[in-house]
Amino acid sequence: MSKQRDELHELRLKLSGENASHQKEAVKQVVAYMTVGKDVSSLFTEVLKCMTTEDLEMKKLVYLYLMTYAKFKPDLSILVVNSFIQDAKDENPLVRALAIRTMGSIRVEEVTEYLCQPLRRCLKDDDPYVKKTAALCVAKLFEMDPELIESQGFIEDLLALITDSNSMVVSNALAALQEINSVASKPVFVIDKKNLSKILNAMGEANEWSQVFILDTLSTYTPRNEREAESLIERIIPRMSHKNAAVVLSSVRAILQFMSNIKSKKVLETYYRKMAPSLVSLLTNPPEVQYVALKNINLVVQKYPTILKGSHKVFFCRYNDPTYVKMEKLEILIMLANEDNVEALLKEFKVYAQEVDVTFVRKAVRAIGLAAIKIPSATQRCIKHLLSLIKSQIHYVTQEVVVVVKDIFRKYPNKYESIIGTLCNSLTTLDDIESKSSMIWIIGQYADRIENSEELLESFLETFDEENPEVQLQLLTSTVKLFLHKPEDSQELLQDVLSTATQESENPDLRERAYIYWRMLSTDPDVAKEIILGEKPLIEGTNRKYHIDLLETLLFNIPSLSSVFHKPPENFVTNVKVFLREDEEIENDEEGILQVEEEREKEQEKQQEETTNTNQNIGSLIDFNSESKQQQNQNTQQQRTTHVVQSQDIRQNNNVNQDEYGMGLSKMNVDIPKKLILDAEKGEGLEIKGIFQRRENSIFYELSLTNKTQAPIGGFACVFNTNSFGLKPNGWLLDGVLMPMQTRGSSIPCPIETSHIKHQNDQISNLIQLAIGKDSQVYYCQDEVPFHVLCTEDGKLGRSEFLKAWKDIPDEVESLKEITDLTESNSNIIKLKLENKNIFFVAKRKADELEIMYFSLKTEMAGFVLLELAIDHNSNSIQLATRANNIDFVGMLELEIEKILKEY
Amino acid sequence: MISGILFINELGKVLISRIYRQDITISFIDQFKIKVLAAKKTTNPIKHVEGTTFCFRRIGSFFIVAVTKKNINAALVFEFLNTIIEIFKGYFGEKFNENTIRTNFSLVYELLDEIIDFGYPQTTETDILKLYITRENQRQTKKSKESVKQISIKATGVIGWRQEGLKYSRNEVFLDIVENLHFLVSNSGKFLKSDVFGEIIMKSRLSGMPDCKLGLNDKVLLDKRSGGKRTKMKNTRGGNTPIVIDDVTFHQCVKLSKFDTDRSISFVPPDGEFQCASYRVTENVKKPFKVIPIVKERGAITVDVKVTVISLFSENLFAKNTVVRIPTPPNTAECVITTQTGKAKYDPQINCIVWSIKRFQGKEELSLSAEVNLIRGKQSVWSRPPISLDFTIPSYTSSGLRVRYLKVVEKSITEVVKWVRYLCVSKGTFQVRI
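In order, the protein sequences belong to chains A and B. With the first letter of the first sequence counted as 1, position 127 gets the number 127 in the UniProt record's numbering; the numbers rise by one all the way through. With the first letter of the second sequence counted as 1, position 39 gets the number 39 in the UniProt record's numbering; the numbers rise by one all the way through.
A couple of the hints might just be wrong.
To be verified - Simulated pairs of lysine to aspartate or glutamate, DMTMM-like, Cα-Cα distance not exceeding 25 Å:
(1) A:K833 <-> A:E466
(2) A:K49 <-> B:E110
(3) B:K427 <-> A:D321
(4) A:K60 <-> B:E86
(5) B:K69 <-> A:E109
(6) B:K213 <-> A:E205
(7) A:K193 <-> A:D164
(8) B:K203 <-> B:D271
(9) B:K190 <-> A:E331
(10) B:K258 <-> A:E205
(11) B:K130 <-> A:E25
(12) A:K14 <-> B:E110
(13) B:K287 <-> B:E365
(14) B:K343 <-> B:D304
(15) A:K266 <-> B:D247
(16) A:K265 <-> B:D260
(17) B:K286 <-> B:E199
(18) A:K844 <-> A:D794
Calculated from the structure, these hints are not laboratory results.
Taking the hints into account, I'd like the entire structure generated from these sequences.
In structure tokens:
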């Protein structure tokens with residue numbers, strides 16, 4: 001600390017000294033500190049004094065410093081206004097521009113006031129360099145104070161710059177106007193006949209970036225007639241030979257927009273022909289640019305499937321392409337597949353399927369399947385390739401092949417079933433949900449043709465309880481199908497599945513579907529057979545992934561992020577006005593948003609309709625799940641790009657949506673308030689709150705740290721004393737530095753390590769003593785571990801297992817506790833509360849006045865623990881009986897359960 | 001537009017951070033560290049985290065990151081990141097690294113202020129920037145009023161890439177036609193992909209503001225000239241065989257509208273070296289080499305490799321520094337290699353037999369055979385990466401492209417010495433599957 005103070009002191013001396021070279025050196029050092037995040041705001045006054053220097057480099061450094069710290073010292077910043085005004089009048093245009101540029105970036109109201117006058121002068125400067133800088137300064141100012149811009153008439157000044165003879169001035173003015181348009185309540189600028197020719201002329205001479213701004217502005221223009229559209233396109237087409245990919249793609253965007261005004265097929269055809277080679281040439285760029293280009297080409301091909309006809313070879317993957325480029329190339333190859341090239345493509349796909357990158361390999365296998373579905377004449381060859389892939393015995397390849405084969409069956413029923421045998425021989429390890437359900441579907445669908453179908457299915461059913469809901473649903477359906485095909489061999493199997501699904505499952509989807517089958521089968525087996533084994537609609541292979549409205553929006557947004565994410569901009573950009581197209585002629589912005597929202601609603605409705613249509617088709621009832629699953633997958637996939645981290649939550653949410661009790665029965669990550677463990681006083685300005693939580697099968701210590709001092713804090717560390725549970729933090733407390741008044745969250749995984757268990761025979765405690773270090777100082781504090789975080793996710797016992805375990809433990813070991821004064825004795829709620837904490841419901845029965853519930857849980861150190869809750873609704877009390885092999889923790893558990901039940 | 005530019009090394013240490021817009025705060029750095037750096041897996045170059053989008057490019061041991069909150073033009077961002085790298089190369093040399101950035105940080109900031117304003121890229125021509133932003137030791141004393149005025153005009157000028165008033169006593173132009181071959185050959189010898197990516201690189205020392213006009217044996221142009229009557233074309237000189245160019249892109253100095261109307265390439269070149277054009281040819285491409293690979297796995301512990309390379313170009317020519325990299329399984333223990341020509345050895349770091357031939361004459365057939373012994377036990381899948389070739393063949397073009405003429409018009413120039421060179425290159429992009 002003191003060393004730092006010395007350094008600052010020394011800098012201060014140098015800054016205020018007379019020696020110019022020392023001064024400059026010191027300013028440099030200050031800026032260097034600033035870059036790495038050290039606080040040098042205390043030198044504000046001294047640095048300001050250096051501003052009047054003649055040395056341009058030093059001036060720039062001082063300005064840089066100002067831009068960072070001025071907002072913290074508004075009162076002092078006013079001191080520099082005068083120097084700025086002087087600089088803005090300097091005879092050197094570079095200095096004038098520098099002053100205006102910096103002033104615009106200092107976000108201090110007091111400074112802004114004085115900016116107007118010099119800015120106005122600079123907007124009319126003789127020098128184009130000053131003018132182009134001033135144009136952008138208007139946009140900066142607008143961001144801070146829109147009203148000021150309007151009242152001072154700067155917008156008129158900007159509009160005047162559009163007719164400037166210098167193309168860079170024009171393009172910066174356009175950029176500023178577009179920026180203002182995007183926020184302003186009504187557009188301040190539209191392209192009209194008058195300024196259109198000016199803008200086009202500027203485009204011809206502009207540098208690469210200016211061309212992009214101009215093209216992007218042009219794309220918002222709607223040509224008045226076909227002729228104008230044609231002449232605009234003719235002007236833009238030469239741009240597609242530009243080396244800069246942004247110029248090419250922005251040209252493509254503009255041309256595609258204007259093409260919608262042209263009706264002549266012949267003319268459009270020539271435009272396609274001219275566009276295609278430029279699109280292909282984009283692939284000579286570095287991989288990052290290629291990636292953007294490929295995402296955009298994907299959209300263009302969806303809209304105009306024939307545009308790249310014959311160019312498929314360009315999209316062949318090279319061995320050393322980055323995976324993200326390969327994936328996009330593959331996607332396009334699938335879209336380009338046709339009768340003529342399918343042979344060559346299949347050979348490529350097969351080569352890809354032998355590479356080592358798992359995601360890419362899987363996609364390559366999918367590609368073979370999609371080719372089969374899209375091009376009937378190639379199906380036989382596809383299947384040949386798939387079969388040879390199975391022989392590779394690489395498990396992720398085999399799994400993917402199973403999924404693909406299922407889709408081929410759905411497209412061409414009763415045609416290629418001969419390969420089932422080979423498939424069945426190779427299903428040693430299916431652990432992927434999708435391939436598992438696919439295989440189960442195939443077994444059910446073709447139960448009559450697979451000799452040992454009941455054996456195969458039985459082997460899957462053994463683990464029914466542990467399966468993912470999707471697999472469970474598929475198992476249920478397939479068992480029913482099996483029964484309908486071979487009733488004599490599978491009655492018992494069906495009985496088992498139906499009773500498990502209806503009585504033990506908490507998944508309402510599964511339960512309800514089981515009931516439906518049950519009733520159908522018991523009412524009229526023949527009708528049931530007709531419905532369940534009825535013909536299903538075929539699936540279609542199509543190029544177009546997106547609804548045409550979405551596709552149009554995305555094409556309009558080439559080559560922005562929206563066109564890369566394949567999502568409309570409002571999905572990922574916050575607080576932004578919707579990008580309105582000119583021809584909608586909307587005066588009021590609110591209306592605009594409303595309209596777009598309406599459209600979106602409509603689209604949603606349409607989607608819903610589609611879903612219900614499928615629903616109504618009873619024949620497809622059984623396979624409905626796999627279809628809706630696909631939709632869901634797509635949804636999730638789209639969301640995944642944005643919330644990669646939260647994908648877990650999304651899946652949970654999806655489950656919630658299916659849940660008939662709404663949020664009720666699903667597990668949620670409730671945001672529990674953290675407990676204060678180190679207060680600012682004791683921690684000398686460092687405040688820490690924390691809580692233990694369990695997620696994804698592990699225990700985490702969730703912390704939030706706040707720095708209440710004026711100096712940054714760093715060098716964090718965290719250690720636990722040995723404790724009864726063996727919890728040991730595995731990770732840093734916090735990486736980096738905590739700035740003054742900053743709060744940051746941290747989450748440390750705390751695995752259980754047997755070596756870290758405190759062996760003291762007498763005392764078991766849920767207290768954890770921890771030492772927290774910061775900047776080489778150590779603080780000691782303690783926190784409680786709620787018992788439930790120790791309960792693992794696999795703590796659910798089946799009924800019979802529970803019963804056996806219960807009997808195995810002698811009655812004497814049973815611990816009894818009475819919990820009284822419950823606010824809520826509803827068994828459903830109790831179940832919900834406990835299951836939320838990984839204490840699982842096993843069974844329920846009624847005995848006289850009492851309702852008796854059984855629960856099981858598992859902890860790493862004590863194994864399974866069995867609970868019996870006898871609920872007395874009259875007195876709102878519970879008699880809790882606990883049986884466990886290791887009774888050390890029972891007392892703590894009882895307290896915990898009482899706490900859980902009395903929560904909310 | 002771009003809200004901030006960040007230079008950060010792979011350990012998460014910030015080298016440079018420059019925020020242009022107030023919609024982001026410094027905490028975006030932490031987000032980047034957690035969501036991108038910590039993720040380690042090489043994902044795609046755009047990452048969206050809770051409303052903030054990172055577009056990044058790796059260079060050596062660090063990343064250049066553009067941060068935005070808006071629906072920005074993504075192609076522009078990456079082109080701009082590439083341009084930053086080009087500018088830095090111009091200032092600090094080809095091999096600039098973390099340290100260069102650190103020691104020159106004030107210059108870097110100066111550049112980052114000049115080439116982008118409020119998130120919009122501005123002047124990015126290195127030659128122009130160098131007029132008023134210079135490295136420490138080259139800093140000039142105070143400039144005259146006139147020269148400063150000139151700088152500002154140039155920075156925004158129509159011909160931003162060339163200074164006025166240049167004078168050379170000897171006027172010279174060097175044209176390099178460099179063709180990079182991106183060939184992919186199947187194991188049966190079929191050419192799956194034969195793309196030629198050519199560059200026309202011009203290096204000039206010319207006085208004044210010369211108007212240049214470049215003529216190529218471009219089929220579209222020649223057809224236009226001859227009015228479609230191809231019989232009149234004389235095929236006596238090799239350079240007149242017209243070739244089909246799929247697509248061509250130009251440096252910003254080339255007048256694009258003129259090219260679009262009559263396919264003529266005219267321009268006022270920047271001084272010194274620049275890439276005038278790049279083109280792509282995929283039809284009727286000549287193949288310089290034929291490679292016949294035989295790779296057989298004999299039992300579980302031996303792989304027999306025999307590779308024959310045949311040069312197909314004229315015997316008057318030769319390929320320089322040919323390197324053939326033949327991949328071997330990851331569990332290779334040793335390779336017993338026999339070959340008559342060149343040097344060959346097994347390189348365990350890249351799991352390849354590296355066979356280098358200094359001078360590969362035209363119409364020659366060379367072969368190498370090897371017995372690859374594997375470490376027993378570790379049986380993992382071998383993905384069989386392709387064989388890749390490096391070579392440089394002077395005076396040869398795969399596409400057949402020839403320069404027909406180069407006219408230079410400038411009244412102060414009386415005589416121009418012109419040089420044309422052709423090169424055909426592969427840097428591992430000629431690949432043969434095994």
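Evaluated hints:
1. About 21 Å separates the Cα atoms of A:K833 and A:E466, which keeps this hinted pair within 25 Å; it holds.
2. At most 25 Å may separate the alpha-carbon atoms for a hinted pair to count; A:K49 and B:E110 meet this at roughly 20 Å.
3. Taken as a hint, the B:K427 and A:D321 pair is honoured in the structure, with Cα atoms around 14 Å apart against an allowance of 25 Å.
4. Distance restraint check for A:K60 and B:E86: the Cα-Cα separation of roughly 23 Å lies within the 25 Å cut-off, and the hinted pair is therefore satisfied.
5. Taken as a hint, the B:K69 and A:E109 pair is honoured in the structure, with Cα atoms around 24 Å apart against an allowance of 25 Å.
6. The suggested pairing of B:K213 with A:E205 holds, with an alpha-carbon distance near 19 Å, which does not exceed 25 Å.
7. Between the alpha carbons of A:K193 and A:D164 the distance comes to roughly 16 Å, so the proposed pair stays at or under 25 Å and holds.
8. Taking the CA atoms of B:K203 and B:D271, the gap is about 8 Å. The hint holds against a cut of 25 Å.
9. Taking the CA atoms of B:K190 and A:E331, the gap is about 24 Å. The hint holds against a cut of 25 Å.
10. For the proposed pair B:K258 and A:E205, the alpha carbon gap of about 13 Å is at most 25 Å, so the pair holds.
11. Distance restraint check for B:K130 and A:E25: the Cα-Cα separation of roughly 22 Å lies within the 25 Å cut-off, and the hinted pair is therefore satisfied.
12. Between A:K14 and B:E110 the CA atoms are separated by roughly 23 Å; this keeps the pair inside 25 Å, and the hint holds.
13. Proximity of B:K287 to B:E365 is assessed by CA-CA distance (about 15 Å); at most 25 Å being required, the pair is judged to hold.
14. About 19 Å separates the Cα atoms of B:K343 and B:D304, which keeps this hinted pair within 25 Å; it holds.
15. Distance check on the hinted pair: A:K266 and B:D247 sit about 22 Å apart at the alpha-carbon level, within 25 Å; holds.
16. Between A:K265 and B:D260, the direct Cα distance comes to roughly 22 Å. Compliance with the 25 Å bound is thereby established for this hinted pair.
17. Proposed proximity of B:K286 and B:E199 is supported: the alpha carbons are some 17 Å apart, at most 25 Å.
18. Between A:K844 and A:D794, the direct Cα distance comes to roughly 20 Å. Compliance with the 25 Å bound is thereby established for this hinted pair.
Hint check: no violations occur; every hint is consistent with the structure.
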